[in-house]
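Student: For the record, the sequence lines run as chains A and B. All the letters of the first sequence, read from the start, carry residue numbers -2 to 413 under the numbering used here. All the letters of the second sequence, read from the start, carry residue numbers -2 to 413 under the numbering used here.
Be a bit skeptical, because a hint or two may be false.
As the list makes no split between identical chains, a pair holds if one copy fits it or if it spans any two.
Pairs of lysine to any residue residues, derived as SDA-like cross-links and limited to a Cα-Cα distance of at most 25 Å, are as follows [stated by the list, open to error]:
#  : residue 1 : residue 2
1  : Lys215    : Ala361
2  : Lys213    : Val400
3  : Lys83     : Ser132
4  : Lys305    : Phe224
5  : Lys83     : Ser102
6  : Lys83     : Pro51
7  : Lys83     : Asn50
8  : Lys213    : Asp109
9  : Lys343    : Leu287
10 : Lys215    : Val167
11 : Lys305    : Glu9
12 : Lys330    : Thr3
13 : Lys180    : Arg19
14 : Lys83     : Arg47
15 : Lys213    : Arg355
16 : Lys215    : Ile297
Hint data in this document are derived by calculation from the structure and do not stem from the laboratory. Computed from a predicted model, the values in this text were never measured in an experiment.
Protein chains: 2
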Amino acid sequence: MKFGGTSMAGTERIRRVANIVRAQAARGDEVAVVVSAMAGETDRLVTFCREANPLYDPAEYDVVVASGEQVTSGLLALTLQAMGCKARSWLGWQVPIQTDDTHASARIENIDAPALIAAMQGGQIAVIPGFQGVSPHGRVTTLGRGGSDTSAVAVAAALKADRCDIYTDVDGVYTTDPRIVAKARKLRHVTYEEMLELASVGSKVLQTRSVSLAMKEKVRVQVLSSFVDEDAPGADSLPGTMIVSDEEVEGLDMERQLITGIAADKNEAKITLTRVADRPGAVASIFGPLAAASINVDMIIQNIAKDKGETDVTFTVPKADLLRTQALLEQRKEAIGYFRLISDDKVAKISVVGVGMRSHAGVAATMFKALADRGINVQAISTSEIKISVLIDEDETELAVRVLHSSYGLDAADAA
Amino acid sequence: MKFGGTSMAGTERIRRVANIVRAQAARGDEVAVVVSAMAGETDRLVTFCREANPLYDPAEYDVVVASGEQVTSGLLALTLQAMGCKARSWLGWQVPIQTDDTHASARIENIDAPALIAAMQGGQIAVIPGFQGVSPHGRVTTLGRGGSDTSAVAVAAALKADRCDIYTDVDGVYTTDPRIVAKARKLRHVTYEEMLELASVGSKVLQTRSVSLAMKEKVRVQVLSSFVDEDAPGADSLPGTMIVSDEEVEGLDMERQLITGIAADKNEAKITLTRVADRPGAVASIFGPLAAASINVDMIIQNIAKDKGETDVTFTVPKADLLRTQALLEQRKEAIGYFRLISDDKVAKISVVGVGMRSHAGVAATMFKALADRGINVQAISTSEIKISVLIDEDETELAVRVLHSSYGLDAADAA
Chain A
-2 MKFGGTSMAG
8 TERIRRVANI
18 VRAQAARGDE
28 VAVVVSAMAG
38 ETDRLVTFCR
48 EANPLYDPAE
58 YDVVVASGEQ
68 VTSGLLALTL
78 QAMGCKARSW
88 LGWQVPIQTD
98 DTHASARIEN
108 IDAPALIAAM
118 QGGQIAVIPG
128 FQGVSPHGRV
138 TTLGRGGSDT
148 SAVAVAAALK
158 ADRCDIYTDV
168 DGVYTTDPRI
178 VAKARKLRHV
188 TYEEMLELAS
198 VGSKVLQTRS
208 VSLAMKEKVR
218 VQVLSSFVDE
228 DAPGADSLPG
238 TMIVSDEEVE
248 GLDMERQLIT
258 GIAADKNEAK
268 ITLTRVADRP
278 GAVASIFGPL
288 AAASINVDMI
298 IQNIAKDKGE
308 TDVTFTVPKA
318 DLLRTQALLE
328 QRKEAIGYFR
338 LISDDKVAKI
348 SVVGVGMRSH
358 AGVAATMFKA
368 LADRGINVQA
378 ISTSEIKISV
388 LIDEDETELA
398 VRVLHSSYGL
408 DAADAA
Chain B
-2 MKFGGTSMAG
8 TERIRRVANI
18 VRAQAARGDE
28 VAVVVSAMAG
38 ETDRLVTFCR
48 EANPLYDPAE
58 YDVVVASGEQ
68 VTSGLLALTL
78 QAMGCKARSW
88 LGWQVPIQTD
98 DTHASARIEN
108 IDAPALIAAM
118 QGGQIAVIPG
128 FQGVSPHGRV
138 TTLGRGGSDT
148 SAVAVAAALK
158 ADRCDIYTDV
168 DGVYTTDPRI
178 VAKARKLRHV
188 TYEEMLELAS
198 VGSKVLQTRS
208 VSLAMKEKVR
218 VQVLSSFVDE
228 DAPGADSLPG
238 TMIVSDEEVE
248 GLDMERQLIT
258 GIAADKNEAK
268 ITLTRVADRP
278 GAVASIFGPL
288 AAASINVDMI
298 IQNIAKDKGE
308 TDVTFTVPKA
318 DLLRTQALLE
328 QRKEAIGYFR
338 LISDDKVAKI
348 SVVGVGMRSH
358 AGVAATMFKA
368 LADRGINVQA
378 ISTSEIKISV
388 LIDEDETELA
398 VRVLHSSYGL
408 DAADAA
């Protein structure tokens, strides 16, 4: 079981979490719990580090920021004990959760925890701080922001857990954002790959890295809410969303939808370079420097070369990197050889995602027709095996999501 | 070097501390620094523990509260690095500071730190969180409140340090409280035993336990202020107070004062039981139950038995334990056999302390005469080899301290 920072923010919320954990243990399950720091605490600690040293040593940064999860793991163990449960905390170096020594964004390399497993078999609930591990040199490491989801999946894999339940402030994964489409449905199941596509295009339920790890380690992950009142009638029959393999989901869902979900992402900006020389190496001269600056280019469209041997190149970058990208490209204007740089940060990327589209033609055609029928102009397109994304005007985001949600038959029945 | 919570409270103050540490290292010294948590942080964490579980498991309490020093040790290392110093933090389990497993009030058993020593010899400043260690079972322990002074002395002993400099919010140990006596003088030297007596009677400069350890391990401790502006002219010639052995202080101070200091303590309350049966076991029936309840009885006076075979017994307990003491004694009124219980919490204990009194008669006579001359009534007396304490009316505290400070010739010269 994993609980995030909002669920751990203060004594009363930790008590709610302890109630959920106790109920699980009372069913006879062996339970390990991975916890985040209290909401806001990691930011507070990061601020201290930046004030101390703007170019901070990540090894010392890790010592400071790992303390947030240390506190909540001790407090949850204390709260469980107050309820009569056997419980103890296991810090990263005690488990041990062995990582590489890439401080501040370490990767988990191994979790070999015979003492922890023995304690769990003896009926003791294990409480483990997320986000932290120990390096080959015996120093504290952290996994990077949001790393607690990854910790939970890694611990679940190491313990060969039946399930990794990730409690968040939403009660599952929906066909699309319920704030945009009232008829959005909670998905009972979603595959790892679908979850990856939905996560990377803006459904920020789980950290992408944790989903990749779950896919690799075949950990069944359930997303559910820690804010559902477990005493409410029928609460037990309100499970979250299970994230599972292709095979499992095919066995479960006889009448699986073609499309699993629709995601909208307003965090990209569009850049067009006009009249780029249509010669070998021109594209490399644009994207090489951006890659070197760790700017993640997403959609790329190169228009067909015009008769003058020139072409327009359009691509998207994260909005946060737009100014940096413009500056870099303007520095290199002569080397690249373009006429004008046009940028637009009023765009949105709309994606339809589903493993079903692998075996079905016509998914893209449905998308383009539905958007065209409502007069929505598509500025760029990118596709993967299980996803089609289009770039549109930001103002049309909600309209596009609603239209597509209906077009693919995802709307919940009125009576549901 | 050890810095307390007030010195570590926030980015700016940590920068001051780092400046002091850097200046020390710049003199060519190998430096280890022991730090407390930011002022207020340990209280915040203790409150969380109490809210989570009023009868908290001390092992989990330790996990939570040890985080405060973890944060400041990382931040000081970062700040030193920002100033161009080589520095790293060493957590209790990394040094390792091995303790017993008495969680929440552990005792240091061993510090064997070859890696830390090698790093220091390589020019790296070691930053060590105070208050924390690791148990034989590999769990986090803490030494009890105020334990950072003890950590500092233990680390100094393990490193065979030339000196353990304890930076506080006062600039040394004075002949008495300068807020009471304007002519109080800062002592250049004081012996371990004198410091113990001064500490236990209210001069709360150092934790008593740390002084005992320094005496046992023969660590030279210097008390000095972290709030002196080190850029001020003559700041370097304003050292603090050195706490050293009898032998060393005798070699240093040719014209040593008979009395080193005067301490006042308003934290005791007086209880008198009247007409206690003067029979064997009567006193045991009073003090046995108090000892069992961990109530620390200090001064005890038993008046000479009157002709009726009855006696009055007077003693002092910490003010904080007065109500508990009264309740215990009233429950046992019949078993003890006394007439009335009279309590008085408006008392003060005044102590004159000095190793010099060992070899000089007349110290007590001077005290009683000086107090009698000013009409100050002595309610109880207790003595040790290097201390005489009297209990007086609380309202007369300041007067008594001033009178005694003059009588023993401790007043600074006017021109000083």
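Student: Would you pick out the hints that fail for this structure and give their numbers low to high?
Tutor: 1, 2, 4, 11, 12, 13, 16
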